[in-house]
Every structure is written in structure tokens, then in C-alpha cells.
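Chains A and B, in that order, give the protein sequences.
Just so you know, my numbering puts 432 at position 428 of the first sequence, and the rest follows in order with no gaps.
Just so you know, my numbering puts 371 at position 146 of the second sequence, and the rest follows in order with no gaps.
By construction, these hints were calculated from the structure, which means they are not laboratory data.
A few of these clues could be false.
Claimed, not checked - Using C-beta positions, here's what the derived DEER-type ranges look like:
#, chain 1, residue 1, chain 2, residue 2, range
1, A, V252, B, E730, 48 to 54 Å
2, B, T650, A, V252, 43 to 49 Å
3, B, F298, A, R229, 42 to 48 Å
4, B, R421, A, V252, 52 to 58 Å
5, B, T327, A, A341, 41 to 47 Å
Stated by the list, open to error - Okay, the calculated bits of chain B under chain A, using three or more residues with CB under 8 Å as the criterion:
#, segment
6, 333-341
7, 648-661
8, 674-680
We treat Cβ as the ideally placed atom computed from N, Cα and C, and that holds for glycine.
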Amino acid sequence: MAQGAKVVATEGRTPADQSKADSGTMREPQRAFGRTEAAIFLVALSLAAGAAWYLGFPAMRSREANVRASVADDLLAGLSRGRQGFIGSLAYPPFPTLVAVALVKLPPPLGGPWAAFWTQAMLGAFLAASVSAWLRICGVGATARLGAVLLLVASPVFLGWVSRGASEVCLLLVAFAGCSLLLHWLRTGHLRALAYLAIALGTGLAAWPQTLALLTVAFAVVVFRLARAARPRHHLEATVIVFLAPAVYIAALWTAANWLIMGEPFFFLRGLGSAQGAGERWRTICAEAAPWGPALALCAVAIVGRFAGAAKGRRSRVLLGLGTIAPCAIFFWLEGANALLPPHTPSDDELPSVIADCERNLSPAVLVVSGYRGYDVSRLLGDGQRISLYHTLSFYPSDMLSKTRGMRAYLLVPEPRGMDLWEDMHLRYPRIYEEPMPFTVYERSWKHWRLWRIVRLDRSDRR
Amino acid sequence: MHRQRKTQMPRKRPRQPGAHVLNEVLYVPEARLRSLGISDGTWRETFRLVFERPEDTAVKVLTAGQWVVALAFLLVLVAGLLADPSLALTVINALVIGFYLTIVAYKFWLIHLSLGGSAGITVSADELAALRDEALPPYTILVPLFHETESLDRLLEGLRAIDYPADRLQALLLLEEDDAATREAVRSKELPPFARVIVVPDGHPKTKPRACNVGLAHATGEYLVTYDAEDRPEPDQLKKAVVAFAKTPTDVICLQARLNFYNKRQNLLTRLFTLEYSMWFDLFLPGLSDLGAPIPLGGTSNHFRTARLRELMGWDPFNVTEDCDLGVRIARRGYATRMLDSTTWEEACSHPRHWIRQRSRWVKGYIQTYLVALRRPFAIARRVGLARALGFHVMVGGTPFSLLVNPLYWTLTTLWFTLRWEGVTRLFPFPIVLWGLVCLFAGNFAFVYATLLAAFRRGDYDLVKYGLLVPFYWLLMSVGAWKGFLQLLTRPSYWEKTRHGLDIEAGYVEHPSGSEEPAARTADSG
């Protein structure tokens with residue numbers, strides 16, 4: 005009887021309780037975020053707001069903030085043109101836009117393009133607080149902890165991204181949260197750490213699809229860890245389900261939305277597999293488009309911090325403390341003050357003169373601009389009504405031809421470089437910049453832009 | 226005859242205007258009471274709460290004041306719908322969406338707390354070993370039984386397995402007078418020496434709390450616990466409760482053990498039911514306990530300080546979730562409930578028809594409890610604070626409300642996705658549509674995910690994948706909820722009896738503590 009009682013009583017314990025027992029008195033901290041973290045959050049937010057004000061946001065060129073605010077506006081207006089931005093593009097994945105939707109209708113300086121700024125500023129401030137909280141939980145000394153946080157939040161790279169409302173901040177946060185939660189789970193086996201890790205990486209997919217790389221690495225670590233230990237049946241299966249469920253759900257939602265709205269489940273992958281330039285596109289997506297350096301630097305902060313807190317002896321503590329600070333110093337300060345400025349895109353610089361030229365020489369006419377570029381053009385076009393804009397995010401020539409029937413219409417195409425490479429028209433028609441299409445003839449070109457006149461062979465157009 | 230009745234009911238006239246009606250309803254001839262061995266005083270104790278604090282009971286679904294408020298609310302609603310139907314519906318929609326968001330946020334805060342390691346009050350093996358039998362206090366076990374012939378063997382086996390000195394144990398088997406089959410079955414069994422049978426007179430309302438109140442009047446233990454017929458508590462649960470009570474302040478007068486099922490793998494329904502229970506008892510209630518919010522007790526395995534329970538006048542005999550109601554009254558009187566880290570294994574209802582009956586009673590009882598508490602809407606907040614009172618509103622009021630409203634929103638969602646019905650779009654202007662989408666995509670997933678986590682945390686790893694099917698279970702929950710709601714209007718105190726022993730009928734072989742693989746689980750738990 006006593007034996008039976010013992011077995012039953014033992015089975016009543018949950019695995020989490022077992023973990024507690026295994027790790028002595030350790031419990032997950034109920035308050036990971038204390039007053040210090042609240043203060044850090046506010047300081048980081050203030051610094052971001054200060055930088056944005058100093059750099060002249062939103063008059064400064066912040067393409068992403070403008071695009072996200074415009075797509076959010078479109079979404080709220082009924083999903084007409086915002087469809088692609090909502091679900092389709094790998095260039096501007098939906099999560100930051102969806103967050104911005106909550107703010108975009110508010111008056112500036114909270115709404116409009118500021119919505120994207122505040123979204124990233126909040127996430128950035130939360131990242132700074134998370135770095136502090138993690139290092140504190142690890143037992144890192146206050147000097148190293150605050151040093152690392154300060155080097156992060158005052159760095160030109162960080163302030164540059166935050167003040168432009170750039171979603172790179174999302175990837176930084178996902179990378180740091182993922183790494184620290186994985187380390188925490190490896191040490192304690194706590195279910196909460198595993199769940200939050202899965203949620204962070206899953207949500208990250210909708211902000212930066214490149215998070216898939218982090219997800220894969222973390223998944224491999226989790227499986228490797230479990231495979232090495234003797235576990236009950238179904239434990240591995242259950243862990244895999246818990247770990248992958250958020251990511252699969254996010255991917256399924258994204259795919260379903262593509263299918264429902266665009267008619268193509270894998271719309272966002274369109275063009276990536278095409279023969280022309282496929283390799284370059286994949287390389288750009290995987291390596292160049294994502295800010296891996298700073299993201300991995302924050303992972304390094306998490307890892308070194310974990311060991312710094314456990315280090316014995318003053319010397320090793322100091323060394324590891326410096327090691328905690330170093331990645332921030334290297335990756336967030338290396339580019340210097342230049343990082344505060346928006347990235348230089350030649351087609352961006354040229355656009356105002358292109359539009360002015362068009363207004364002078366083409367009017368009255370319809371200017372057809374497809375993709376996110378349309379938002380930039382709509383900002384630059386005056387109210388003179390001499391040129392009207394026909395803007396769609398997705399490029400469907402037949403739609404365009406029927407909507408501009410009987411009008412003098414021109415198609416403005418950016419050079420497929422940088423972010424413009426991901427515009428729908430370049431994904432569908434990779435030669436659209438270089439060669440005329442069956443319905444276009446060459447009109448004129450600038451250094452990074454080309455204008456095609458739209459022609460038709462039907463009676464209405466000849467008139 | 227009239228005099229006879231007077232002797233059986235409290236002499237102090239209650240504030241309840243319809244007390245004479247109650248006298249009629251609750252009347253049981255004195256001779257019959259005597260023949261069942263129940264004294265006048267004992268019988269009076271059974272309904273003490275009803276007569277002394279009728280406003281704290283569900284003897285009436287709505288009081289006169291509540292009727293006035295309900296009618297006023299209805300009037301405003303109708304006026305709004307007549308004046309501007311679109312605006313009125315949009316406002317209602319906004320309120321419901323706001324409510325959903327509150328529920329999602331609050332429940333996830335509870336889950337966050339629970340996953341952080343809260344297991345309730347834990348009692349170590351050393352603490353148990355340090356207990357001396359002669360120092361243990363007397364303990365009373367109440368087991369109400371009604372049509373429980375199938376579970377009787379299991380019950381007696383469970384009682385014998387309890388690790389507590391027999392001379393300090395009192396088990397009261399509370400049988401109903403009109404349940405001849407169970408009485409006969411009990412008579413044919415050899416009862417443990419500490420067990421005693423009490424026959425509860427036939428009468429209205431025929432509810433478990435009424436039987437428990439009779440048991441409470443006979444209880445001699447310093448502590449008291451209620452078990453259901455099919456329960457299999459961990460054998461050392463009483464000892465753990467004694468240690469836990471000793472470790473907690475005296476205002477903690479109730480400990481709720483965790484509940485789970487031993488036939489969890491019998492079929493899909495029991496699997497999903499197990500997941501729900503795991504979420505409730507392993508994630509929500511420990512979180513509430515951590516916050517110090519009122520805990521809606523879980524029907525069985527509630528351990529009490531008997532004196533304090535008497536002070537609270539026992540259970541409300543008219544409430545069909547008397548456990549939940551008692552949990553709320555405990556909080557309202559300034560006492561506290563904590564979770565005990567010990568599990569009682571129950572039988573999961575394995576047949577959809579019986580399951581719906583059980584669920585309908587639970588939802589009806591939760592609504593009863595909520596309506597009773599709303600008679601003094603600020604009493605809980607005054608006693609436990611606003612944030613903790615929110616827990617009561619979310620868990621007791623919010624649970625049935627969301628179950629009732631869910632089908633409407635599922636229909637609206639389906640209409641929008643399939644037919645793009647314009648009416649739905651009008652109901653969701655900005656920013657309501659945003660919050661609605663958050664509820665739809667984030668809220669629903671979050672609850673599914675929490676179900677997976679609950680199974681994982683409990684160690685039911687093979688059940689984790691079934692958590693993905695839980696939305697279908699929500700449908701069934703809503704069916705039960707609507708049945709309960711409609712029954713509240715017609716038979717408020719009718720006790721939808723849960724049928725036990727279905728697992729035995731189905732030939733399902735149970736394993737200790739519901740484990741599919743006892744050896745593996747034991748090894749895992751160290």
C-alpha cells in the first residue's frame with residue numbers, strides 16, 4: 005500500500021514541478037521585468053523619439069514607414085489595393101503592418117507614417133528592457149548590464165532603424181528573445197520558456213520570413229537535447245507539436261490569406277523560383293536582406309551573458325562582462341553616424357525629378373505605377389490633377405488596360421534593384437524594365453527609371 | 226400539521242418575503258426525519274443559509290431588484306434597436322469584443338503565472354514523514370451518492386486506500402431516501418470501520434449540496450473534504466491537506482486539490498475533457514490562487530476547516546454548482562482558498578449525451594452563482610480588490626457568457642468568409658474589426674495553444690496532439706451551455722445527474738492515475 009501510494013503521489017507531479025525539484029530551489033522569475041526595466045523602456049523610447057524628431061521624421065525618407073502606413077490605410081479602406089501588402093509580399097511582411105493598423109488612423113504624431121515609427125520604437129524599447137532583464141536573471145553585474153543596454157539603445161544603427169520605423173527591430177527582438185528563451189529552456193526545461201520561444205519565433209516569421217533560419221536552428225537544438233535524454237513515450241512528439249504549432253499556424257494563416265485573396269496559396273513565393281535571377285533573389289532574401297550581423301550580436305549578448313552570470317572569479321567575470329558589451333559595441337557602432345541616415349537608394353533619390361519631369365511633359369495623362377512605389381509617387385504628385393495616378397499593388401496588365409481604356413497612359417517602372425526587385429511587376433515580368441511588353445512602347449528613361457507608353461490595338465485606343 | 230412544520234424550520238423569521246412558500250417546499254414530516262435518524266436541529270442546519278441569508282442563495286433566480294435592472298436593460302436595448310438598429314448592434318458588438326479581449330488577456334495572465342511554476346501548496350515527502358498518527362486531527366469525508374451502484378466498489382476501495390489513521394477518520398456516505406438501489410447495494414457491502422451511512426430525506430431540492438449540508442451537520446472532523454462516488458484521491462491527500470492547512474494562515478479555510486481523470490484515454494471525448502480539466506485545474510486555478518482571487522471550487526476534493534464551513538452555513542442547496550458558489554462566498558467573507566498540489570482522479574463522462582447534461586448543469590450553476598453575486602455587485606471588489614474581483618467576473622461570469630455567445634460569432638465569421646455578407650461588415654467598423662480579428666486569429670489560437678500546454682504540463686504527452694481538435698469540443702460546450710441556460714428559465718434547481726460507471730460499462734480498463742503507460746510515467750517523474 006505504501007509503495008502504491010508513493011507511485012500515485014509521484015505521478016501526480018507535473019513535469020514542471022519535476023524541473024523545479026531538479027533545479028533545487030530555482031523557480032522561474034515571476035517578475036522578469038522590474039523597475040529598472042521599466043526605466044530602460046522609457047529611456048529607450050525617449051531616445052528613439054528624440055532621434056526621430058532630430059532626423060526630421062517623417063519628412064526624412066522613410067520608405068518602409070510610408071509604405072506600411074499606406075498599406076494599413078488601404079486595409080482599413082477595404083482591402084482593395086492593400087491586398088498584396090497585407091498578405092503577399094516578402095518585402096513587407098504583414099506583422100508590422102498589422103500592428104501599425106491599430107495606430108494609423110490617429111492624428112500625427114501618433115498616426116499616419118508615425119504609426120510605423122511607434123510600432124518599432126515600442127518594440128525597440130521592449131528589446132532594450134528584455135536585454136536588461138535577461139542579463140539580470142543571468143546574474144550579470146549592473147555595470148556590464150547597463151553598459152550593454154546603453155551601447156545598444158544609443159547606437160547609430162539602433163536609433164537609425166527605430167527612427168525610420170524600420171522593421172529590422174523586429175528581427176533583433178525575435179533573435180534575442182529566441183536565443184535567451186532557448187538558453188533558459190536548456191537550463192531549466194521550463195515549459196513556459198519553450199512556449200514563449202515557439203511564440204516568438206512563430207510570430208517572427210510574419211515579420212521577417214528569414215526567422216525561419218533561427219527557427220530551424222532552435223528546433224534542431226531542442227530535438228537534439230531531447231533525443232539525448234531518456235524521456236517517456238510521446239514526449240518528443242509533444243515537444244515538437246508545442247514548438248512548431250505557432251510557426252505552422254502563422255504560416256498557414258499567411259498561406260490561407262494568399263489563397264483566399266490572391267488566389268495563389270504561395271503568392272509570396274512567386275518569382276523566387278523563376279529561372280531568371282532566382283539564385284540572386286534567394287541569396288538576397290537569405291543573406292543580404294536580413295540584418296544578420298546585429299541580430300547575431302544580440303544572440304551573442306544573450307549567450308555570453310548566460311556564462312558571465314555563472315562565472316567564478318573576478319577576472320573571468322570582468323572578461324565575460326566585457327564580452328557581453330563587445331557585440332553591441334562592434335555591430336551597432338561600427339557604421340558610425342551614417343547608420344542614422346536612410347539607406348541610399350538611387351531610384352529613391354531620382355524619383356522627385358522623375359515625377360516633376362512627367363508632370364511637365366506628359367500631362368494630361370494617366371501614370372500607371374504598380375507595387376509599393378505607387379505610394380511614393382502618390383506622395384510626390386501635386387494636387388494639380390494634370391497627371392492622375394493609377395496605382396495597384398499587384399500587377400495585372402489586363403486590368404490595367406481595361407481601367408485606362410481611352411486614356412493616354414504611361415507605365416512607370418523602377419530599375420529592379422534593392423527593394424524594387426521585390427515589386428510584383430518585376431516578379432511577374434522580370435524583363436519589364438529592359439524590354440517592351442506587347443502593349444508598351446518606349447517613351448523615355450532616366451538613370452534608374454523607365455517610362456513606357458501604353459498602346460492598344462483596339463478601336464477606342466486608335467481614336 | 227402547521228405546528229409540526231414550524232418546529233422544523235428556523236424560528237427566527239427570515240428576511241425572505243416568500244419564506245412561508247419555502248417552508249412548504251422544504252417541508253419534511255418530523256416522523257420521517259426521526260425514522261432516518263435526523264434530528265430537528267440537523268435538518269434545520271441543512272437550510273440555514275436559505276433562511277438566514279436568502280439573498281446569498283439561488284432559491285430565486287432573480288430578485289425583485291434584479292428584475293427591475295434586467296427590464297430596464299432590456300428597455301434600453303429595445304429602444305436603441307428601434308431608434309438606430311445599426312448603431313445599437315455595433316455598440317453591443319463592441320462591448321462583446323471588449324469582453325472577449327478582457328477574457329483572453331486575463332486568462333493568459335493566469336496561464337503565465339501558472340506556467341511560471343505555481344503548483345499551489347506543495348507538501349514534501351519529508352513533511353509527510355514527520356507527521357505522527359496520534360497528532361493528526363479528526364477528518365471527515367463526505368460522499369454524496371445518488372444512483373451510484375456502479376461506482377460503489379471503486380468508492381469503497383478508494384476509501385480503504387486513504388492513508389489516514391482509521392480512528393481519526395469519519396466517512397459519511399450520504400444516500401438519498403428514494404434511491405433504494407444504492408441503499409441496497411451499500412447494505413450488501415462491508416464498509417470500512419470509519420464509514421457511516423446517512424440517509425437524506427426525499428424532498429426538494431434534490432441536490433448534492435442539500436445532502437452535503439446534512440453531512441456537515443453530522444461531521445465531527447476538524448477538517449472536512451467532499452469526494453464524489455467515483456473519485457480516486459491520491460492516498461496521502463488528507464495528510465497533505467493537514468500539513469498544508471498548518472502551513473497557511475488561518476484565513477485560508479479551503480484547499481482545492483487538482484482534479485483529473487483516470488479514463489482519459491477511453492475515447493476522443495474523454496481525451497478532450499481531460500485537456501479541458503488540465504487547463505482549468507493546472508493553469509487557471511493555480512493562477513487565480515497566486516493572485517488571491519476567488520476560486521470557483523471544483524465540486525470535489527475541497528478540503529475545509531469544518532468550523533469555518535459551518536460559519537459560512539455550508540453549501541447553497543439551490544445552487545447546482547454549489548462548489549463554485551461556496552468558493553465565491555469564501556472570498557466575500559474575507560477568507561481564502563488555495564490550490565493543493567495533490568490530484569484526485571475522477572471518471573470523465575464518456576458519452577456525449579451525458580456529457581451535455583453535466584455541462585448544462587455546470588453552466589446553469591455558474592450563471593446562478595453569478596446572478597447571486599451580482600445582487601451585491603461591489604461586495605467582492607470591496608473585499609478582495611478590483612483586480613482580483615475581475616478574476617471572479619471573468620471566470621464565473623465570463624465562462625458561461627462566452628460559451629453562449631460563441632456560436633453567434635462563429636456564425637458571423639462563417640457568413641463573412643463564405644458569403645461576404647455586408648451586414649457583418651457593418652457590424653465591425655474600425656477599430657472594432659481590428660479587435661475582432663485579434664480575438665479571431667490570436668485569441669482562438671491562444672486558447673488552443675494553452676490546451677496543448679496544459680496537456681504537456683500534466684505529463685499527458687500523448688494527448689497534446691488532441692489539443693488541436695479542441696475547437697470541435699468548444700462546439701459541444703456551447704450546446705451544453707445553451708441547454709443549461711434554457712433550463713435555468715424553466716427548472717433552475719434541477720440537478721442534471723452525471724452518470725458514472727460508463728467506463729466500466731464500456732469495458733475500459735483503467736490504469737492507476739489514468740496513465741496509459743504507468744512504468745514510463747513513473748520513470749519520468751523520478
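Exercise. Evaluate the given range 42 to 48 Å for the C-beta pair formed by B/F298 and A/R229.
Key: violated, 56 Å
Quiz item: Does the Cβ distance between B/T327 and A/A341 fall inside 41 to 47 Å?
Solution: holds, 46 Å
Quiz item: Are at least 3 residues of the segment 333-341 of chain B within less than 8 Å of chain A when you compare beta carbons?
Solution: holds (count 4)
Quiz prompt | Distance restraint evaluation - B/T650, A/V252, Cβ atoms, bounds 43 to 49 Å | solution = violated, 30 Å
Quiz item: Would you say the segment 674-680 of chain B counts as covered by chain A, given the rule of at least 3 residues with C-beta under 8 Å?
Solution: n = 4 at 8 Å, threshold three: holds.
Quiz prompt | chain A covers the segment 648-661 of chain B, three or more CB atoms within 8 Å, holds or violated | solution = holds (count 3)
Quiz item: In this structure, is the beta-carbon distance linking A/V252 and B/E730 contained in 48 to 54 Å?
Solution: violated, 39 Å
Self-check item: B/R421 paired with A/V252, Cβ distance criterion 52 to 58 Å
Solution: About 56 Å separates the Cβ atoms of B/R421 and A/V252, which means 52 to 58 Å holds.
Violated hints for the displayed structure, listed by number in ascending order: 1, 2, 3.
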